[in-house]
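Chemist: My request is simple: use the sequences and hints to build the entire structure.
Chains as they are written, first to last, in this note's numbering: chain S, 1 to 197; chain X, 1 to 197.
No lab work stands behind these hints, which were simulated from the structure alone. From the three backbone atoms N, C-alpha and C, an ideal C-beta is built for every residue, glycine too. There's no promise every hint is true.
Keeping only pairs whose Cα atoms sit at most 27 Å apart, straight-line, the calculated DSSO-like set for lysine-lysine is [stated by the list, open to error]:
no., chain 1, residue 1, chain 2, residue 2
1, X, Lys88, S, Lys22
2, S, Lys189, S, Lys160
3, S, Lys22, X, Lys95
4, X, Lys22, S, Lys22
5, S, Lys88, X, Lys22
6, S, Lys95, X, Lys88
Sample of chain S residues facing chain X (criterion: CB under 7 Å; computed from the structure) [stated by the list, open to error]:
no., residue
7, Met1
8, Pro3
9, Ile6
10, Thr8
11, Leu16
12, Lys22
13, Arg26
14, Met27
15, Ala39
16, Arg41
17, Leu42
18, Val47
19, Ala49
20, Thr63
21, Ser111
Here are the in silico distance ranges between beta carbons for each label pair [said to hold, decoys possible]:
no., chain 1, residue 1, chain 2, residue 2, range
22, X, Gln195, S, Met1, 44 to 50 Å
23, X, Pro174, S, Pro118, 51 to 57 Å
24, X, Tyr181, S, Lys160, 55 to 61 Å
2 protein chains.
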Amino acid sequence: MYPTPIATLIEQLARLPGVGPKTAQRMAFFLLHLPSGEAERLADAIVEARRRIRYCSVCFNFTEDDPCTLCADPRRDDAQIVVVEQPKDVIAIEKTREYRGRYHVLHGAISPMDGVGPDDLRVRELLARLHGGTVREVILATSSSLEGEATALYLARLLKPLGVQVTRIARGIPMGGDLDYTDEVTLLKALEGRQAL
Amino acid sequence: MYPTPIATLIEQLARLPGVGPKTAQRMAFFLLHLPSGEAERLADAIVEARRRIRYCSVCFNFTEDDPCTLCADPRRDDAQIVVVEQPKDVIAIEKTREYRGRYHVLHGAISPMDGVGPDDLRVRELLARLHGGTVREVILATSSSLEGEATALYLARLLKPLGVQVTRIARGIPMGGDLDYTDEVTLLKALEGRQAL
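Modeler: In structure tokens:
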């Protein structure tokens with residue numbers, strides 16, 4: 001019922017994650033009501049990001065320059081690699097300001113339900129990084145979801161025979177977390193991961 | 001922390017209605033992960049919609065051709081004008097397949113809280129359409145929100161002296177609606193608007 005350009009815009013917006021037809025419609029009219037040039041800034045940002053952002057050939061994080069700033073930084077420790085699912089996880093760990101090693105971004109997690117296997121992730125590229133012998137520890141920081149745990153387990157089995165130390169980030173009650181409100185699996189992991197004081 | 005093109009993309013996506021920083025981040029990575037050319041289709045859709053869509057000079061609905069198909073259709077009745085807030089309201093009424101008159105889109109509702117007065121809406125243009133004397137009835141179909149009701153009241157006072165019949169769409173319990181779950185104001189309107197059977 002809408003003119004074709006509006007229908008196309010709604011259709012394209014509805015492809016975004018978490019956006020249904022009604023939200024897409026609201027977004028489309030928002031964009032059409034913006035002052036001249038404002039909506040085009042979003043279009044430009046999409047085109048520019050796609051044009052300028054590539055995968056780092058070392059860690060496969062998104063980057064403008066290859067290798068990325070984290071991989072190119074000579075002050076960082078080559079002996080440690082933190083393996084994460086997504087680029088946003090790198091940002092999350094960097095925010096702790098404690099970790100000084102390298103990263104490896106898988107771009108997903110193993111999920112048979114969604115048809116995602118190890119070959120769809122940057123697993124082969126991770127193995128290649130371990131060949132030189134510089135890496136002493138691989139820290140598996142995939143998420144604590146079913147898929148993240150499966151991926152960590154898979155990688156642990158794959159990497160241990162290579163003589164590298166493989167660790168998994170701790171799962172337990174979050175800071176400020178109430179035991180009463182913590183689910184049983186988390187509590188079990190917290191008990192299993194208990195440490196001497 | 002993100003490379004500039006990603007940060008800019010997240011910032012621009014976060015301007016969309018209902019999109020916070022976290023959702024914008026998820027959308028940005030979704031767009032970056034799409035196969036080549038796919039993200040650009042959204043960018044193109046935005047640019048195309050902005051380039052090809054304008055306001056109809058008669059009813060102020062969004063259109064590719066001026067006047068729009070609804071205003072240009074000779075089979076529609078010039079004596080009736082339904083006044084709505086948004087283009088999507090025109091679609092909603094057209095879906096009933098019953099109304100055969102014309103439309104007028106205000107592009108908003110009077111809202112002193114948001115600084116929107118009659119001059120920010122297409123009110124002057126509505127008045128201009130009544131000058132010829134062809135229009136016999138103006139049906140106020142603004143929404144039933146505080147702003148929609150205020151706009152309807154304002155327009156009724158403005159249009160009645162011009163000798164045109166001014167009506168308001170009925171407010172009442174929706175079809176399939178349970179009285180028990182209907183708020184008091186709606187129930188009051190339903191009682192007030194009761195009709196002989």
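Chemist: Give a verdict on every hint.
Modeler: How the hints compare with the structure:
no.	hint	result
1	X:Lys88 to S:Lys22	holds, 10 Å
2	S:Lys189 to S:Lys160	holds, 22 Å
3	S:Lys22 to X:Lys95	holds, 16 Å
4	X:Lys22 to S:Lys22	holds, 20 Å
5	S:Lys88 to X:Lys22	holds, 10 Å
6	S:Lys95 to X:Lys88	violated, 44 Å
7	Met1	holds, 5 Å
8	Pro3	holds, 5 Å
9	Ile6	holds, 6 Å
10	Thr8	holds, 5 Å
11	Leu16	holds, 5 Å
12	Lys22	violated, 9 Å
13	Arg26	holds, 6 Å
14	Met27	holds, 5 Å
15	Ala39	holds, 5 Å
16	Arg41	holds, 6 Å
17	Leu42	holds, 4 Å
18	Val47	holds, 5 Å
19	Ala49	holds, 4 Å
20	Thr63	holds, 6 Å
21	Ser111	violated, 15 Å
22	X:Gln195 to S:Met1: 44 to 50 Å	violated, 30 Å
23	X:Pro174 to S:Pro118: 51 to 57 Å	holds, 52 Å
24	X:Tyr181 to S:Lys160: 55 to 61 Å	holds, 60 Å
Figure legend: structure checked against the earlier numbered hints; hints not met, in rising order: 6, 12, 21 and 22.
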